[in-house]
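Could you put together the complete structure from these sequences and hints?
Protein chains: 4
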Amino acid sequence: MKTATKVAVKVAVLGGSGYTALELLKILLRHPHAEIVAITSRDAQPISDAHPSLFRRLDLRTEPFDADRLKAKGVEVAFGCLPHGASAEAVAPLLTCGIRVIDLSADYRLRDAAVHAKWYGEPHHDPVNLKHAVYGLPELHADAIRTARLVANPGCYPQTGILGLAPLVHHKLIDLRDIIVNSCSGVSGAGRTPKLAAHFPECNESVVAYAVGTHRHTPEIEQSLSDIAGVPVEVIFTPHLVPMDRGIHSTIYATPTRPVTDAELTQLYRDYYERAPFVRVRTSPPATKDTAHTNFLDLCVKRVRGKVIVLAAEDNLVRGASGVAVQNFNLMFGHDETAGLL
Amino acid sequence: MKTATKVAVKVAVLGGSGYTALELLKILLRHPHAEIVAITSRDAQPISDAHPSLFRRLDLRTEPFDADRLKAKGVEVAFGCLPHGASAEAVAPLLTCGIRVIDLSADYRLRDAAVHAKWYGEPHHDPVNLKHAVYGLPELHADAIRTARLVANPGCYPQTGILGLAPLVHHKLIDLRDIIVNSCSGVSGAGRTPKLAAHFPECNESVVAYAVGTHRHTPEIEQSLSDIAGVPVEVIFTPHLVPMDRGIHSTIYATPTRPVTDAELTQLYRDYYERAPFVRVRTSPPATKDTAHTNFLDLCVKRVRGKVIVLAAEDNLVRGASGVAVQNFNLMFGHDETAGLL
Amino acid sequence: MKTATKVAVKVAVLGGSGYTALELLKILLRHPHAEIVAITSRDAQPISDAHPSLFRRLDLRTEPFDADRLKAKGVEVAFGCLPHGASAEAVAPLLTCGIRVIDLSADYRLRDAAVHAKWYGEPHHDPVNLKHAVYGLPELHADAIRTARLVANPGCYPQTGILGLAPLVHHKLIDLRDIIVNSCSGVSGAGRTPKLAAHFPECNESVVAYAVGTHRHTPEIEQSLSDIAGVPVEVIFTPHLVPMDRGIHSTIYATPTRPVTDAELTQLYRDYYERAPFVRVRTSPPATKDTAHTNFLDLCVKRVRGKVIVLAAEDNLVRGASGVAVQNFNLMFGHDETAGLL
Amino acid sequence: MKTATKVAVKVAVLGGSGYTALELLKILLRHPHAEIVAITSRDAQPISDAHPSLFRRLDLRTEPFDADRLKAKGVEVAFGCLPHGASAEAVAPLLTCGIRVIDLSADYRLRDAAVHAKWYGEPHHDPVNLKHAVYGLPELHADAIRTARLVANPGCYPQTGILGLAPLVHHKLIDLRDIIVNSCSGVSGAGRTPKLAAHFPECNESVVAYAVGTHRHTPEIEQSLSDIAGVPVEVIFTPHLVPMDRGIHSTIYATPTRPVTDAELTQLYRDYYERAPFVRVRTSPPATKDTAHTNFLDLCVKRVRGKVIVLAAEDNLVRGASGVAVQNFNLMFGHDETAGLL
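Residue numbers (the numbering used here), protein chains in the order written: chain A, 25 to 366; chain B, 25 to 366; chain C, 25 to 366; chain D, 25 to 366.
Bear in mind the hints are in silico, worked out from the structure with no lab data behind them.
Careful: at least some of the hints might be erroneous.
Since copy identity is lost for identical chains, a pair holds within one copy or between any two.
Simulated crosslink set (DSS-like; lysine-lysine; CA at most 27 Å straight-line) [as the list claims (entries may be wrong)]: (1) 97 to 34; (2) 326 to 219; (3) 97 to 326; (4) 142 to 326.
Now the structure itself:
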């Protein structure tokens with residue numbers, strides 16, 4: 025279905041039945057340098073039974089997870105689309121086999137196992153490999169990603185918070201203890217398992233906040249921003265569910281430590297992201313729709329009274345998960361960073 | 025919360041956790057002649073825990089079903105919002121206690137237990153009371169409803185099919201073996217139990233047909249139309265799920281047995297429904313939105329080439345379930361047919 | 025269509041073609057003590073031509089605005105549903121005729137004509153009557169509303185901000201210069217005139233911020249909170265459009281001036297709103313859906329790190345406009361505050 | 025942004041501000057053998073001002089239409105995304121210049137100028153070129169398309185009707201005078217110009233039929249099916265608007281002229297579309313969502329009582345317009361039929 029001008033990398037997708045796996049498979053099908061050779065799942069069935077949209081597009085059966093078998097098939101990298109907890113159990117055998125891993129779960133994102141344990145409510149399952157994991161935000165960690173054996177693909181919300189604030193934190197322009205990230209997400213962010221909160225007649229025509237003050241993406245945002253700042257950064261993060269399939273919009277409030285204009289701020293952001301092909305700095309508020317089905321993360325920054333307001337928009341399934349995973353894949357295997365993503 | 029000018033009828037609602045129960049409770053709260061004295065459910069909890077919208081509007085705890093206890097509370101009529109099958113088990117003890125029943129399930133709609141068994145896949149649970157049940161479509165059976173002890177509240181789709189075709193069948197204007205009812209329903213019609221088909225990211229931004237040729241509302245439509253015709257009527261009924269909370273739209277195709285104009289058809293319908301306060305015959309296509317949260321069923325009838333096309337729109341939870349149940353209640357207890365419904 | 029036990033007040037609705045007018049007409053049709061005797065509009069037509077949902081529910085023709093003619097019909101109060109600017113032109117002749125006015129536009133909300141001119145970009149059209157206008161937020165100004173000749177019905181967003189913050193401001197619990205009101209609104213808030221921003225394929229499946237730092241509801245929120253505080257209060261208000269018909273959700277961030285617990289905060293709010301029949305203080309995040317089609321404004325207040333977060337939800341067309349207008353009407357004419365609204 | 029292994033064809037897009045143009049541009053950006061060299065529009069502006077989603081993806085300014093200028097730029101083919109009527113005025117000068125045209129408007133679809141005049145209410149603007157236009161449905165007319173100078177890209181609804189019925193008509197399996205095509209479309213089908221019918225709060229949460237018996241896609245369906253049959257075919261076509269961005273679902277009813285089973289029908293369809301890469305014959309009802317953002321048209325065919333029911337689903341903007349236009353482009357320029365479309 026495509027004409028690869030160089031040899032394609034053989035890839036596996038673990039946990040093929042969810043939304044991030046579906047999105048990933050669609051991207052990989054169009055990728056000039058990737059070949060999907062295996063999809064794992066508890067149920068062995070044609071992948072198009074799990075995802076009818078793949079009917080006649082991808083003729084593969086899902087299979088139980090078996091690292092050795094994947095190795096035997098020539099798999100060089102596995103994309104983990106398993107739930108957190110389950111993911112850590114698959115990573116160790118893969119790495120042992122010499123298969124590199126891009127893990128889309130939250131299992132390897134928090135560097136400090138104690139912080140992980142606090143927010144996820146149980147000890148980390150694989151503290152040994154955690155030490156070697158690279159946080160897969162390409163705009164910040166491209167070099168480390170290139171050589172990583174285990175990439176912790178970043179969370180959907182955190183990318184808007186981290187990339188939305190990175191220039192301000194880097195330039196020490198804001199108070200690091202007074203940051204608010206107020207986010208809205210489409211319902212696909214809740215996963216594919218039916219539950220009342222994602223039942224159409226419950227969430228359609230409604231907006232509601234959830235996990236106020238307790239969402240697990242909070243420490244992920246703080247970890248990255250603290251790395252940039254060199255000192256601890258504290259964030260209040262409030263997610264909301266809004267009635268749409270996909271898209272995340274974050275409205276970020278920070279307190280500048282010196283006077284600054286809109287024009288200065290925009291320039292600062294444009295300079296900071298000069299070499300980032302997927303970060304677009306706009307001068308008008310970004311709509312999530314304009315990022316839908318793309319790997320772009322759109323930003324707009326404005327001064328309003330005593331605050332700097334950053335608006336960030338992305339597609340939660342592409343930029344927020346599977347697209348950035350492929351961006352990481354491109355870095356890891358020496359492809360153009362945008363391959364398969366434009 | 026309301027000033028009843030005559031003594032209110034004490035009512036119970038069985039199976040309080042679903043959407044039809046919620047809609048019914050909201051209507052009853054506004055009804056001038058009804059008092060909700062009990063709500064049954066497997067879980068005993070404040071009803072506002074099951075339905076947060078009722079917080080500070082209805083201060084009742086749900087209780088397990090117990091016909092004697094309802095009788096002791098003075099309940100005169102019970103609205104059954106239980107799933108089919110379960111409903112039949114509650115009806116017998118209620119009737120024994122002398123409590124009248126308006127059953128919103130499908131259990132007593134099909135007069136012939138054999139037909140019921142064929143479409144529902146098991147023998148009828150309560151054939152004795154089935155014999156005495158009155159099909160609760162007020163526009164057709166008001167007299168029988170007034171004195172009924174057991175009313176089988178009509179299905180949501182069937183009302184559009186039956187009332188959409190009744191004038192044509194009554195006047196023998198169409199071929200009774202060549203009728204198509206093509207319907208679209210909002211997702212609340214699928215009930216409140218989470219399932220993949222009603223999971224927001226699955227059904228949003230999508231239209232899909234289901235139960236093609238096998239939907240259980242088919243024999244319900246045919247039974248009523250056959251009663252009107254005096255001979256068997258056959259219908260092809262195709263339901264579709266569309267991404268909205270509520271509303272049913274049916275597009276009905278029939279073959280006229282003699283030439284007829286739009287104007288004649290409209291007049292025929294207006295005459296037929298002259299005394300029906302909730303059937304509105306329009307000359308332009310009805311939008312489901314214009315019937316939302318009301319008990320109106322809107323119709324429009326047109327001649328197109330060799331067919332008569334009837335368009336029907338209603339709110340599936342009000343007109344299609346709980347509103348018409350209250351309309352039946354009004355008839356049964358001598359209230360104005362529209363009480364609490366305008 | 026209803027049995028009024030006391031003489032109904034004759035009312036007029038000005039500007040009958042929009043969404044707030046439609047919502048108002050629906051509420052008034054159910055109101056036990058109101059009689060709609062006139063609806064004005066530039067186009068003279070059956071009101072059901074403008075609003076098909078009113079077909080066979082309200083048999084009135086719209087008429088051009090003429091204060092004397094309304095007076096001759098016995099109108100005691102007019103609800104103004106005109107755009108801002110246009111509204112001020114109708115108010116003066118009405119008051120001259122002795123007709124009381126509940127104005128749903130923004131024309132009389134800002135007490136200071138200079139502030140109005142600054143935010144609305146032109147001098148106030150009717151500074152004389154502006155002096156006598158009462159801001160119609162019943163929870164704060166019931167006494168003044170009762171005797172007012174001109175009530176400025178409050179804005180949709182401001183009610184969430186004002187009632188969401190009033191207890192904190194009243195008790196001097198927060199920093200009055202560090203308040204953020206981050207709001208999401210359904211699209212009906214944009215009015216009924218077609219425009220690209222409200223075109224279905226543009227705003228569906230999208231979230232976008234607008235009027236960042238410049239929305240006209242900002243000074244309205246500040247005026248009310250400053251009145252409560254006795255000193256100037258400053259607010260950053262950021263509205264967003266989300267893909268739903270109706271509903272406003274506000275997430276409010278304030279900085280407490282002393283330590284405080286969730287339980288204390290909840291109790292403080294419950295005490296403050298003890299006699300407010302339409303303000304519900306909840307302990308879990310309110311969904312806009314649970315307030316849809318009602319006059320309730322739901323609040324939830326929580327301490328998160330160094331902030332107090334208040335979540336507020338309402339129906340923008342009922343509580344945010346036409347419902348609170350009827351609540352004001354009830355106060356003005358000595359009816360129960362909840363008449364027609366439960 | 026892509027590595028073309030053969031020289032890319034220079035293309036122009038006429039009428040760049042609408043939804044089909046946007047979709048087309050996105051597809052062309054990914055196409056390995058196409059280069060967008062011009063976009064015409066009445067307003068000269070960066071294309072990303074008209075379509076913010078193209079910011080930093082396509083750096084072109086729109087320009088006024090000028091066939092000679094397009095020729096000078098080396099344009100070999102122009103995609104017409106103009107409204108009907110306007111399109112015909114651009115086609116003649118383009119053909120004169122030797123630029124091939126794929127016209128997405130309805131202007132050249134009806135071969136008979138008299139039929140066009142009857143349904144579109146005015147004489148055809150360009151009867152000369154009409155004679156040479158090829159109807160661009162690749163599954164039926166691939167050979168003619170390959171050499172065509174002017175391709176009339178097929179309508180969105182008609183493709184579901186034509187491809188949904190072609191196998192039955194070809195095999196003379198149905199009564200050609202008793203066919204119903206009942207269709208639902210997402211709102212993007214109504215175009216990008218704001219109008220009340222497509223205003224979010226009007227069409228969200230609603231289903232409504234429109235143009236009952238009068239829709240201009242009726243003769244388009246009939247023309248193609250008549251060609252296949254060799255005798256006139258008559259169709260009743262009823263479109264409906266449903267609250268989603270994109271997607272068309274058609275439920276087609278036909279009367280078989282001999283007994284036939286589901287299995288036979290499915291096999292008949294699979295054989296008929298054996299070489300059609302974008303027609304998928306399924307055995308369960310197709311959801312529009314499974315075709316979203318793809319060029320696939322999904323079919324399912326079933327026998328129900330005395331009828332054959334065909335279910336058809338597609339994306340109205342891709343398969344229904346811009347995707348099939350690129351499929352035609354591929355045929356016209358000797359590329360793989362699926363290039364840029366998988």
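Checked hints:
1. In the homo-oligomer, the alpha carbons of residue 97 and residue 34 lie at most 27 Å apart inside one protomer (8 Å), although the nearest pairing across protomers, at 42 Å, exceeds that limit.
2. Taking identical chains as interchangeable, the C-alpha atoms of residue 326 and residue 219 lie at most 27 Å apart only when they sit on different chains, with a minimum of 25 Å there against 38 Å within one chain.
3. Taking the shortest Cα distances, residue 97 and residue 326 never come within 27 Å of each other, neither inside one copy (51 Å) nor across copies (41 Å).
4. Proximity of residue 142 to residue 326 under the C-alpha cut-off of 27 Å is restricted to the inter-copy arrangement: shortest distance 21 Å between copies versus 35 Å within a copy.
Hint compliance for this structure: hint 3 is the single one not met.
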